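Protein sequences appear in the order of chains A and B. Just add 122 to the spot in the first sequence (first one is 1) and you have the working numbering. Just add 1 to the spot in the second sequence (first one is 1) and you have the working numbering.
Heads up, none of these hints are tricks.
Here are some of the chain A residues that sit facing chain B, going by a computed Cβ distance under 7 Å:
1) T138
2) I141
3) I149
4) V150
5) Y210
6) L221
7) D223
8) T230
9) A231
10) V232
11) A236
12) L240
13) E293
14) A297
15) A328
16) G332
Label pairs and their computed distance ranges (CB to CB):
17) Q176/B / S147/A: 25 to 31 Å
18) E360/A / R279/B: 46 to 52 Å
19) R141/B / T163/A: 17 to 23 Å
20) W134/B / P253/A: 51 to 57 Å
21) A274/B / Q305/A: 34 to 40 Å
22) A194/A / Q176/B: 37 to 43 Å
23) W134/B / W246/A: 47 to 53 Å
24) M344/A / A51/B: 24 to 30 Å
25) A174/A / W278/B: 50 to 56 Å
26) G255/A / R141/B: 55 to 61 Å
Think of the hints as simulated: they come from the structure by calculation, not from any bench. Predicted, not measured: the structure shown is a model, and the values here were computed from it. All residues carry an ideal CB built from backbone N, CA and C; glycine is no exception.
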Amino acid sequence: MRLRTSRSALPGFALTLGITLAWLSLIVVLPLALLVLRPWTLGVAGVWHSIAEPRVLAALRLSFGAAVLAAAVNVPFGLLVAWVMVRYRFPGRNLADSLIDMPLALPTAVAGIALTALFAPKGWIGMLLTPLGIKVAYTPLGILVALVFVGLPFVVRTLEPVLMDLPLEAEEVAATLGATRAQTLRRVVLPALMPALLAGFAAALARGIGEYGSVIFIAGNMPMISEIAPLLIVIRLEQLDYAGAAALALVMLLASFAILLLLNLLQWRMGRRAS
Amino acid sequence: MTPVSGIAGAPLAPTTERPAIQAGLIVLTILLLVVLLLLPLVVVFVEAFAHGLGAVVGALVEPEAIAAIELTLVVAAVSVPLNTVCGLAAAWCIGRFRFPGRRLLITLIELPFSVSPVISGLVWVLLFGANGWLGPMLDRAGVRIIFALPGLILATVFVTFPFVARTLIPLMQEQGAAEEEAAITLGATGWQIFRRVTLPNIRWGLLYGVLLCNARAMGEFGAVAVVSGHVRGQTMTMPLQIEALFNDYDWVGAFTIAGLLSLLALVTLAVKATLEWRIGRRGGALL
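Put together the whole structure using the sequences plus the hints.
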């Protein structure tokens, strides 16, 4: 393959790259670089102190824990939805397809108050759960519900193209060799979907860790119990503790990038083994 | 010996699930989609109209609500064109040229997607806030960025930065540069190529990217919450106004504005479905 460089026949490379780099530096890179620098005005010990507070650790544990759990719930949910959407035909399928994108199109604050209204003790769903002794709104369970809501499309949309490209021949061969349908799904289809399932899990997780708008209304925001890390950043900013807010933000960014890098590596290894 | 061929009577192991299982899975899926995704949308409108149409109209003509709607439109009207121009520039250099650092550039462009909305607002407070790097200097000059319109715009631009570029780059790579290269051999200038060849080819993708960018710009909550300062009637965008009304137990007011934003979301989804039908491609994520 011939490598096209900036000496391509087309004009405008320098101009468009210039605009892109200037805008990107000004809007994204420079502000994030300053975020990385800011905590250290506290000194290393100061940063450690501001992170090691029990309230901060509880918030980080909650944000990462709830995001992992919600992403894990969304793996079977997403697999079910993607499988049905790709493999089966049924009336209302196009409508269902549009519905899947709802959490991405609906502003997070709208989702937040809507879920709260649904799951509050007197809400349509809360009403059914209260007699069973299940409290969702204003508890950590509410956070999980909100994160499952925002994360579902990430798993479905990651799986769908892979499912569509999955060669049917493999399933036919398994069937002619005498495998039952359940065996084929478990031994042939599921392993082929593993990298995509992991990628969907990672995408839902990445979204869930930093999620704010859809969570804070339903969470109840009790310190040590249902207070998420992004909310603690907001609280520190309101107290004009900029360095403390930046320190917490930096920990969140580093931890989520580390997790995503790990998942990417795992996915890459799985993909290589499969091919 | 049992026959191995389906023709001989005993069917082979099936290559799809039994009809009963299929029906069960379809019902389960519809149930999940309705309870988890449709009900929240429905409840928005039911709560808004809980006290009748009059209350909804009353909530809409509330001066604070009008101010929030105006501010949201202004923020989107500034942020979306800026990111559209830059997104087009990024799509041109990344989609039409190969150069070292290209992958890194794509990663950096998508970076705002993997940053918490709160952090997207925080970076601007660290820069321009009262205790920020430039805060004291701006204060002396009498310029307000945080807790004012410029801050809201900066936070929104950061959050919506990737949408246009991200929609256009795969589209332009898929289309290839053959038509543009033909135009250049025919003597077209760069601007002519862009206007007469590239733009008509990418117009639906561009429209979709701009629409996504706009939907997020009008619906962003976390990033603007951090830089807004929550001055009623002045620095409250629609999502922030929703929060304020909800916390005041004014559910009709909160859900009325939420209903407006839900309509925007429904329009976005409808346009997506239409464009997919036009382009004939399915199952892309609305990201």
